[in-house]
Amino acid sequence: EVQLVESGGGLVQPGGSLRLSCAASGFTFGTFWMNWVRQAPGKGLEWVANINQDGSEIYYVDSVKGRFTVSRDNAKNSLYLQLNSLRLEDTAMYYCARLTPGSYGYYRDYWGQGTLVTVSS
Amino acid sequence: DIQMTQSPSSLSASVGDRVTITCRASQTITRYLNWYQQKPGKAPKLLIYAASSLQSGVPSRFSGSGSGTDFTLTISSLQPDDFATYYCQQCYSTPVTFGQGTRLEIK
Numbered sequence: 001e002v003q004l005v006e007s008g009g010g011l012v013q014p015g016g017s018l019r020l021s022c023a024a025s026g027f028t029f030g031t032f033w034m035n036w037v038r039q040a041p042g043k044g045l046e047w048v049a050n051i052n053q054d055g056s057e058i059y060y061v062d063s064v065k066g067r068f069t070v071s072r073d074n075a076k077n078s079l080y081l082q083l084n085s086l087r088l089e090d091t092a093m094y095y096c097a098r099l100t101p102g103s104y105g106y107y108r109d110y111w112g113q114g115t116l117v118t119v120s121s
Numbered sequence: 001d002i003q004m005t006q007s008p009s010s011l012s013a014s015v016g017d018r019v020t021i022t023c024r025a026s027q028t029i030t031r032y033l034n035w036y037q038q039k040p041g042k043a044p045k046l047l048i049y050a051a052s053s054l055q056s057g058v059p060s061r062f063s064g065s066g067s068g069t070d071f072t073l074t075i076s077s078l079q080p081d082d083f084a085t086y087y088c089q090q091c092y093s094t095p096v097t098f099g100q101g102t103r104l105e106i107k
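Here the protein sequences line up with chains G and V, keeping their order. Here the first sequence is numbered in our numbering, starting from 1 and rising by one per residue. Here the second sequence is numbered in our numbering, starting from 1 and rising by one per residue.
Since the hints were derived computationally from the structure, they do not count as laboratory data. Ideal Cβ positions, reconstructed from N, Cα and C, are used throughout, including at glycine. Warning: the hint list may mix true and false statements.
Derived Cβ-Cβ restraints for the label pairs, each shown as a range [as the list claims (entries may be wrong)]:
1) V:17 <-> G:52: 30 to 38 Å
2) G:87 <-> V:10: 26 to 34 Å
3) G:116 <-> V:9: 18 to 26 Å
4) V:8 <-> G:66: 21 to 29 Å
5) V:9 <-> G:87: 42 to 50 Å
6) G:43 <-> V:14: 44 to 52 Å
Some residues of chain V that are not near chain G, with every Cβ distance over 10 Å (derived) [what the hints assert, rightly or not]:
7) 14
8) 17
9) 44
10) 63
11) 76
12) 77
13) 84
Under the rule of at most 20 Å between Cα atoms (straight-line distance), these lysine to any residue pairs were calculated in the SDA-like manner [to be verified]:
14) V:45 <-> G:110
15) V:45 <-> G:65
16) V:39 <-> G:103
17) G:65 <-> V:94
18) V:39 <-> G:26
19) V:39 <-> V:95
20) V:39 <-> G:41
21) V:42 <-> G:5
22) G:43 <-> V:95
23) V:42 <-> G:109
24) G:65 <-> V:95
25) V:45 <-> G:3
26) V:42 <-> G:65
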């Protein structure tokens, strides 16, 4: 059974840092693109970052470029998101999701339960 | 960035109703379109990929259609478990973008 379990969220002051983790199991982690999607309280879904199988291709939404860093450790079946210079508007539930290739692009077929990041003074 | 616009933003319907949600892209995305269902406090769940392909395990009352800029998600006969928020998402270009969501409520 495919499972994705996020951790590392919490309350942090503006300008602070957090490191989110996503532990994967039930599939060959190192053969899939992975990504992070976030959802501010009461709002819609926003894609944050993608990373390919070996970490050599990485993409970010403009609003987090230079502040967030996505990485992975295939030996540990884990995905990470380092959040620096946090802003109030980064407050959200952060989900990791697996990306599966289809005939028309990639789709997010498995998601974790999410980890909540709250930025507040 | 490609903008995705869903309509309606909210919808009230009854069990057994046929429901259609539409999604329009700001430019052509051929069939690079996915649909997700999200219930309160839960992660999104993939329903439809590539505009019309049903994800494994998803009931056949869900269907998707469309190509280019206009897409629809149809639920043929609403069940109590279907009351949720639905999102379309384009994967034609980066950044991938989601529609604002359609909240489906019980009438």
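Numbered hints the structure breaks, given as an ascending list: Of the numbered hints, 1, 4, 5, 6, 9, 15, 16, 18, 19 and 26 do not hold.
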